[in-house]
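Q: Dock chain B against chain A, hints included.
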Amino acid sequence: MMKGKDEVMVVFALGAIVIVIMLFLPIINLLFAGFDGLMEAVKDKNAWKSIFISFEAAFFATLLSFILGLPLAYILARKSFPGKNVVESIVDLPIVIPHTVAGIALLFILGRNGLIGAPLNDLGIRIADSMAGIVAAMLFVSAPFFINHAREGFESVDPRMENVAMSLGASRVRVLATITLPLSMRNMLVGAIMTWARAISEFGAVIVIAYFPMVAPTYIYSRYLEHGLSYAIPSATLLLILCVSIFIVLRAIAGKWRRYDKD
Amino acid sequence: MIRIEDVRKKWGNFSLNVSLEIEDGEYFVILGPTGAGKTLLLETLAGFHKPDYGKIFVDGREITELAPYERKIGFIYQDYMLFPHMKVRDNIAYGLRIREREEEEIEERVNQLAKMLGIERILERYPYKLSGGEQQRVAIARALAIKPRILLLDEPLNALDEMLKEKIMRDLKEINRESKITFIHVTHSRSDAIMLADRIAVMKDGRIIQVGRAAEIFRKPISKFVAEFVGVENLFEGEARRAGGITVFRMDGMEIYSSLEMEGKAYASIRPEDIIISREKMESSARNCIEGVVKEMMDMGNIIRVNVDCGVPFMVNITHEAMEEMKISIGEKVHLIFKAQNVHLFR
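Read top to bottom, the protein sequences are chains A and B. Just remember that our numbering sits 57 ahead of the position in the first sequence, which is counted from 1. Just remember that our numbering sits 86 ahead of the position in the second sequence, which is counted from 1.
What the hints contain is simulated information worked out from the structure, not anything from laboratory work. Ideal placement from N, C-alpha and C gives every residue a C-beta, glycine not left out. There's no promise every hint is true.
Below, computed lysine-lysine pairings styled on PhoX-like, alpha-carbon distance capped at 25 Å [what the hints assert, rightly or not]:
1. B/Lys306 with B/Lys425
2. B/Lys215 with A/Lys313
3. B/Lys290 with B/Lys96
4. B/Lys173 with A/Lys136
5. A/Lys313 with B/Lys136
Per the computed footprint, the stretches of chain B lying under chain A, defined by three or more beta-carbons under 8 Å from a beta-carbon of chain A, are [to be verified]:
6. 124 to 134
7. 144 to 156
8. 337 to 350
Pulled out of the complex, with its shape left as it was, chain A reads as follows:
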């Protein structure tokens, strides 16, 4: 009996190794290949500029996801209302829409003649080909990650615990501040990391709505188009190293974040 079980595990382990290699090999390969030319990218001012724009835009997209997504996440976690599953589908929709399609949809509404873009344009605010456009594109594709994680966090806090806090004299706002938010903070932190990571990796939607100012993926793509693969590798490697490092550090912080169900 034990033997049969082990055979299954052997087959599974083989499959697991294949997929892990498929996921990891291109990254490791790029790191090694790009390492020689890395100094070249480090000296490239335009590469740094695009990376900063990427980081900045992703940060704002995450911040906006947090501010705008939190109330929705709480409502989805606590209330049932007619049309709730429609709202849930809308939240998940950006995950399935191809990114170029998302970009075109955004450009159509936010562009100079768009439903929202036109009145803003009259006020002198341009969204297409601006930082605002990049943030909008990143927000569109990444906000679902924050909303879903925050919702999970809120769902993990028993509403009866909020009831008890209220019975002890805490208003709704105090209950949120002292009970619900602290207890779901870890989920929100993970959600924010995923949102940021998703935002910084976005290319398709961003390039449609704003080729300039150039975010890092656009910069790397333009290097590849204009000069070929070997010219794109150093800056790609630099971006890869930065993103992976930040991701690892943030994950470690979230992992260490206090949990209350065990040591």
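A: Chain B alone, transformed into the frame defined by chain A:
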């Protein structure tokens, strides 16, 4: 006094409709099966739900529209709902911190409660490191910290083992006596209800069926549901009619007499300890003497329970001494004797 005036609340297909008066300082138990709406009633009293209709008064002041945090009503859930991110000390202090009391005063109050409940040694621990009994005590301390007018307890003893349960019951009763806080305790356990209650309300399908002292409810249930739920034995279905100043209750071809006035379809119950077993037929003022065969005997320690088949099964409790005297055995023919006034009739 707490007055619940025709409070109604719809919850999906379920509907609550309750009127109730609870005295100051009383240990009031709401007894009912799962799904009776006991928790919904408590949560409505606490203000977690707004009633669709009706009013709630505490000491003559209406609180129906008050938010939960304005009511000073403590709440203890079955699974305690301690705040997992706070140490025991901070859990207990929570309500006082919300009220922005001086830290010194808070510490004093926390220490005093901890001492009363015997949890001084766990004040610096987090809830996940506590046993069920410890968590229960912390939940009680936390609720008492704000000196509530009323304490609501939702099945607080369910998750505890028997030994611990008894100890906590004694503590609850003592706190109730000493603090003068009105306790409203919801349970499905009749033994908990008997142990704790000054008065009991039996609840079913969102309604209060009967309110009274434990003795009244167990001796004189007003309906078959109450009788069955509180575990009344010797419960019979039949028809009552008045004849010559007494009520004759007819069931399965047998007649018994009751001194309660009633006509028509009814239920009768006789408590097992109100029945005497005799070898001889006895005509006496007891009125009821029926013949049966001993089917089964169980030694319960202080009493012996005897199951007698009289066409319908009767349960009789007799003492060891009585048993010694009569030396009855299984299969033997005996007579059951009980007074007409001990035959309780209800619909």
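Q: Of the hints stated earlier, which fail here?
A: When the structure is compared with the hints, numbers 4, 5 and 8 turn out to be violated.
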